[in-house]
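*Asks:* Sequence lines, in order, name chains W, G, U, D, Z and A. Residue numbers are given in the UniProt record's numbering: position 265 of the first sequence equals residue 265, and the series is strictly consecutive. Residue numbers are given in the UniProt record's numbering: position 220 of the second sequence equals residue 220, and the series is strictly consecutive. Residue numbers are given in the UniProt record's numbering: position 117 of the third sequence equals residue 117, and the series is strictly consecutive. Residue numbers are given in the UniProt record's numbering: position 35 of the fourth sequence equals residue 35, and the series is strictly consecutive. Residue numbers are given in the UniProt record's numbering: position 256 of the fifth sequence equals residue 256, and the series is strictly consecutive. Residue numbers are given in the UniProt record's numbering: position 284 of the sixth sequence equals residue 284, and the series is strictly consecutive.
Worth double-checking, as some hints may not be accurate.
Identical copies go unnamed one by one, so any copy, or any two together, can satisfy a pair.
[Unchecked claim] As a list, the in silico BS3-like pairs of lysine-lysine whose alpha-carbon atoms are at most 30 Å apart: (1) K233 x K189; (2) K229 x K189; (3) K140 x K189; (4) K229 x K140.
Simulated from the structure, these hints should not be mistaken for lab results. This one's a predicted model, so the numbers in the text were calculated from it and none came from an experiment.
6 protein chains.
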Amino acid sequence: MAEHENYTSYLAEEYVIQEEPFYLPVGDEIELFEVAYSQNLPVLLKGPTGTGKTRFVEYMSYRLGRPLTKLTPNKDGSAQEEQKSIPLMTIACHEDLTASDLVGRYLLEGDETRWVDGPLARAVKAGAICYLDEIVEARKDTTVLIHPLTDHRRILPIDKRGEVLEAHDGFQLVVSYNPGYQSALKDLKHSTRQRFMALELTHPPADLEARIVQHESGVSEEMSVALAKLGEKARNLKDHGLQEGVGTRLLIYAGKLIARGIAPRRACQVAVTWALTDDQQVQRSVDEVVNSIFE
Amino acid sequence: MAEHENYTSYLAEEYVIQEEPFYLPVGDEIELFEVAYSQNLPVLLKGPTGTGKTRFVEYMSYRLGRPLTKLTPNKDGSAQEEQKSIPLMTIACHEDLTASDLVGRYLLEGDETRWVDGPLARAVKAGAICYLDEIVEARKDTTVLIHPLTDHRRILPIDKRGEVLEAHDGFQLVVSYNPGYQSALKDLKHSTRQRFMALELTHPPADLEARIVQHESGVSEEMSVALAKLGEKARNLKDHGLQEGVGTRLLIYAGKLIARGIAPRRACQVAVTWALTDDQQVQRSVDEVVNSIFE
Amino acid sequence: MAEHENYTSYLAEEYVIQEEPFYLPVGDEIELFEVAYSQNLPVLLKGPTGTGKTRFVEYMSYRLGRPLTKLTPNKDGSAQEEQKSIPLMTIACHEDLTASDLVGRYLLEGDETRWVDGPLARAVKAGAICYLDEIVEARKDTTVLIHPLTDHRRILPIDKRGEVLEAHDGFQLVVSYNPGYQSALKDLKHSTRQRFMALELTHPPADLEARIVQHESGVSEEMSVALAKLGEKARNLKDHGLQEGVGTRLLIYAGKLIARGIAPRRACQVAVTWALTDDQQVQRSVDEVVNSIFE
Amino acid sequence: MAEHENYTSYLAEEYVIQEEPFYLPVGDEIELFEVAYSQNLPVLLKGPTGTGKTRFVEYMSYRLGRPLTKLTPNKDGSAQEEQKSIPLMTIACHEDLTASDLVGRYLLEGDETRWVDGPLARAVKAGAICYLDEIVEARKDTTVLIHPLTDHRRILPIDKRGEVLEAHDGFQLVVSYNPGYQSALKDLKHSTRQRFMALELTHPPADLEARIVQHESGVSEEMSVALAKLGEKARNLKDHGLQEGVGTRLLIYAGKLIARGIAPRRACQVAVTWALTDDQQVQRSVDEVVNSIFE
Amino acid sequence: MAEHENYTSYLAEEYVIQEEPFYLPVGDEIELFEVAYSQNLPVLLKGPTGTGKTRFVEYMSYRLGRPLTKLTPNKDGSAQEEQKSIPLMTIACHEDLTASDLVGRYLLEGDETRWVDGPLARAVKAGAICYLDEIVEARKDTTVLIHPLTDHRRILPIDKRGEVLEAHDGFQLVVSYNPGYQSALKDLKHSTRQRFMALELTHPPADLEARIVQHESGVSEEMSVALAKLGEKARNLKDHGLQEGVGTRLLIYAGKLIARGIAPRRACQVAVTWALTDDQQVQRSVDEVVNSIFE
Amino acid sequence: MAEHENYTSYLAEEYVIQEEPFYLPVGDEIELFEVAYSQNLPVLLKGPTGTGKTRFVEYMSYRLGRPLTKLTPNKDGSAQEEQKSIPLMTIACHEDLTASDLVGRYLLEGDETRWVDGPLARAVKAGAICYLDEIVEARKDTTVLIHPLTDHRRILPIDKRGEVLEAHDGFQLVVSYNPGYQSALKDLKHSTRQRFMALELTHPPADLEARIVQHESGVSEEMSVALAKLGEKARNLKDHGLQEGVGTRLLIYAGKLIARGIAPRRACQVAVTWALTDDQQVQRSVDEVVNSIFE
């Protein structure tokens, strides 16, 4: 196993997006995010699976890393002298994520207990963008933890150390959630949601989606247009029992299979139809859409 | 990451509000709180999201820090010789907050276990105002813990140390809860609630709210009046499915976006409409209100 | 923070009531408690919130501290030579209170684990009165723990030490519960409740309550009579949706506010009406009672 | 607190009943228990609260401590040369009792972890009678733990040590449960219950109960007969909403109060009526019975 | 307590059945088990309480310990040279049994953490027969743990050590469950159950059962025939509310009591009727059967 | 116990399939998997119990270990120079599998806490194929953990170390689940499932299955054809209450018993009928199928 040590690891607060992520804006979301960042407004991203919420945050983290004084007046980012990097901390929320997982904990080490900051404390100190993905999945203690960070106080109390941490100027809190999953049990409480400016993200329009699929999968323009058309049509199958529309990612998967020689219909079956649903009737509906496009 | 250590932290019991918080009283709440403080009566703040409960406690903590002998007769606080500071400990309650989180715990350190006071024990010792935000969210052990602190005993038993702590003279317990969330499962038991004087807080009247929005967001007086009007009208949409009225904070967010050049309708959409609700029909109702104001 | 160390703490078993608590007996409860104490009968106090269960136990703990030989024949306690103190351990039960919280646990300390007695073990050893407040809230392991202490054995098995502790002569177990909260889930099992002599406590009659309010709040006799009348009338509002009657404590709060210059109607609103209920209709009923008294 | 260290403690396996407990047999339960003990048959005691299950086990533990060869032929125990003591380990089961609580656990001590036997392992090694009171309350891991101890194997596997313990000859397992509490959730599984010989215990007949009450409370014979009559009559109130009959213990409590000068009706009210039930209507029924006896 | 150290303990993997267990085969179960063992097929034993599943596994463990080359051709086991022992690890499953309980865990010991194998890892290494009794009671992590041991891989991954253990040739997994307890919540998943050859065990026929009862209890042949008849008849009472038939063990208990002089009817009442059920009507039905046999 | 140390263990990341697993492809699943591997597409295997999901992953792990440059153009794998091994990490998911179980944890060792990688971190570093079997059984924190590994980021954040791990080139994530078990509670969220290319696996056709049974059990071709026929027919009994079809494994078990001399009908009864179901009526249906084949 010679290649066993052949991997890369970073300290979380040094994880800075180095290359410009491929992102095609749908509307004014970039401008709104920039103003929110400059005004310390926390941002809530709403939208279904596969609308590029993670990609958007990565793009903004890269983009905002450029000189801040140029941000609002000059949006094309041409003046690139003295690049300032903004780390991005992404935390996928789930119902077992504890407050300690976010804030930090004591570890026993030799003769002393050593405090280890959690990702949120690291982000608060480093002035990072902290992205809590699918915030409604988090336990209540996690949700409540971010309250003092999202009002005029901008502090993070670390109860176990009896300490209060003031957020670094560059710190920005971004959370996301999928209103489609919204339920009585898993809803954002108003005392939490009224702390965020909200952006609703949607699937990109067909022409944009075709450009994304082509860029990411390497298929021809014609094929990418066909796949984007498939995406659009499949999203109209909601009344046929398809719980959630197909995301751009699955179209890219299909493209990648096609680019490696798999027949388009078969590629769409394994990357779209079967990936989307287990229901045989719904599968037939999706396959019909596939067949109507790749005759 | 040169700026990484560029943050500020305090011991929790040294967190004293240094600048006078901007607070505009709605009624006699300041006078009532001052009497309660001088008489050692615990205070329960009731009210919906965004009525400024946290801000009010911060203001009182700042205000009561001035010479106590002047408090009741002279409310303008002009005589500022020998400022006395009262720390404020704010604890956001949640269902995973344990009694140990509040009282303290033993930590292993080298050859000895060291006791670390929790925020409540720190507040009891330091004579701080201890604010338990959203008390009904707390676990039962937390709720019960405050009983001996809220009657004539004013003690905090620390079972793990076999110790009883008498509260410092200046110690004051303040709790808040939102009756709108009240349910069979999450209600204050009578044995708890009959230990507090209760203040019901409401959204500020439109003229007051306009002054707050103007002060906090930097928009013009005209714009702040329009935003306060939006707040008032949106709160009347309860019958249209809007679970909870818009808080002042979201109006300030809209103001901040407008002040940075975002068009008022768009600013209100992302800061008010989308932030308030995911329901498309309710969103349309709110947007109509927005459009009727920003024609 | 010069005054930070300016607090008092006791070892729990040294917490002895030093001054005679103000207690006005309603019936023969003092005599019955004294016999129970002398006969080693555990006592169950039943009654709604605010009927002074905690105060009664504190009073008995103080009273029984006087020479035991004089107790039954001579109830005025005039012969005070050689005062014997009986510590009081009060434990507020809740659903997260574990058996270890009561009995004790091992703590790691340097090279050894040190055993730390819990409050029940301390009480058993010190011959204290141990008061388990709201016993039905406790977890089953806690409830079961007291069984061998409440029959002829009077022992406390400490399983983690493989040890059996015999109770000190002066040890007395007192528990309380509020039958109003009684439910299928939170009921005392017969195997537990048939171990106690039971005293049912009620709200004091109006004349007694007026004397208590006057003594504790410092209002005039006339005002205290009015407040006691308010208490009596408000308790008759049960059919109007008032889940539980107002306790004496809230009347004292109202008195304290009035004594500091707050208008009686406003004082009763914040200390009684709002403290009792969030229901606007019920609040109106209570306010009507207030207005009928303080016209 | 000079008397603070003035208590007695034993190692659990040295807890031997020293004085003959006062026990009046109702039928052939002593003989059956003796045969079960000599044949290594585990015993299940069934019966409602207050029928003396604990007392019976204590009596048998004392009785069986006498020379075993004399046990069956000669029941009066006159030949007392060479007393052999059998320790009794009583464990009150509850839903939080873990297998480790019974079997043992490792404790960290200085440079080594030390194993500490739990009460069941101690009983298995010491040849004690191990009495698991209210076995149905125990968690499933506890119940399953006793299986290999109750068949021909008579072993206790200690998984954490990778060890198997063979039971000492004198070891006997006794469990109890109250069929009245039996429910779908809390029932003995057949794989458990078919491991025990079962004895059903009932409240003693009136003449026997009178003798017990007289012996334990010190009241006159006449009074004890009256109290036994109360017990008998109160047990017939089941159709009047009295969930469970009054146990002998409460009658003894009433006797003790009467013996110290409390009036019989008042003594029965606090020791029987109020102790039995919170339901005012049922209380009236019990009080009527009391009044009919103590006219 | 001189006899306190007077007990025997084994390392679990040295627990080998030394004496031939008394086992009377009902059908070809011995042959099927032998083939399964030689072919590494895991075995599932199904059957109600008291059909001797544990005894059968013990017998097979003893029997298979004889020279393996002789196993299938020659079933009488006459050639006993060079006895090879196969340890038996029995684990009673319950809902709190964790994967660590089976696989092992780290223990802190002085300056190092020491790994301690759990019973399953010990069995895998020692080539033991590992018997998981009542497998459906186990938590899901336990059930899943045995998957790689029951297919062609025959490995046990020890995640906490990052290690994979290959099973010793002689290792055999046997599980049991009682289909009568089968419920939606506690059922064997198909992905688990389709890994076992299944043997359904039933109560032995009357003549066989009589021989077992006689051998184990020491009663006369006539009495044992009567008891076996009781067993057969009681099993036909299922329609009379008897949830589960009487197992052979209870008949043996009755026999042991009779052999020590207890009257047959009384012996059957405490060992069969009361042990089987708490329902008085069902008890009457069983007693009738008893009386019809022991007139 | 001389043979006690006679077992084999590997470090998990050195567990490489050494011999070519016997795998007969049903369709183009091998080609699709190879493309997915080369394109870093995560793979989801769907299908009922016993369709060979684990075997397929093992086969692909062995096959992909051969020189990667030859993979797609040349599928017969004839050119075997310079074998590259790809370890396989199989993790059986269950509801108690924590994120720490997968990622790693700190262990105390002497004077330092030592970090121990979990199986997922080991796979990420070693470039292994990581197979999460029955992913829907996993807790939410486990499911969410794999998100950043399954998009363009291919990173594994290790929160407890404040570290981000980039996946080795050869790392591939494969998950499986059984749509038949799909329920409201245990379903793959769309945000998870839209990260995988999906392959639906089915029971092999009869001729293929016969070849597998013959190869694995050693029965004659005729017998293996008969057993495959049994498999096919038994799968048609779904309408007769057979929840899930018989997997190939059970047919192999039957074959192994037959090859060792057990009569075919009896072999099928214990290996198929009883293994499949406890329902007597369904058992009769299966037995009828068995009898119609083995007349």
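*Asks:* A separate judgement is required for each hint: does it hold in the structure or not?
*Replies:* Hints, one by one, checked against the model:
Taking identical chains as interchangeable, the C-alpha atoms of K233 and K189 lie at most 30 Å apart only when they sit on different chains, with a minimum of 22 Å there against 35 Å within one chain. In the homo-oligomer, the alpha carbons of K229 and K189 lie at most 30 Å apart only across protomers (24 Å), although the nearest pairing inside one protomer, at 38 Å, exceeds that limit. For the homomeric pair K140 and K189, the shortest alpha-carbon distances inside one copy (10 Å) and between copies (21 Å) are both at most 30 Å. In this assembly of identical chains, K229 and K140 lie within 30 Å of each other by CA distance neither inside one copy nor across copies; the values are 41 Å within and 33 Å between.
Violated hint for the displayed structure: number 4, the only one.
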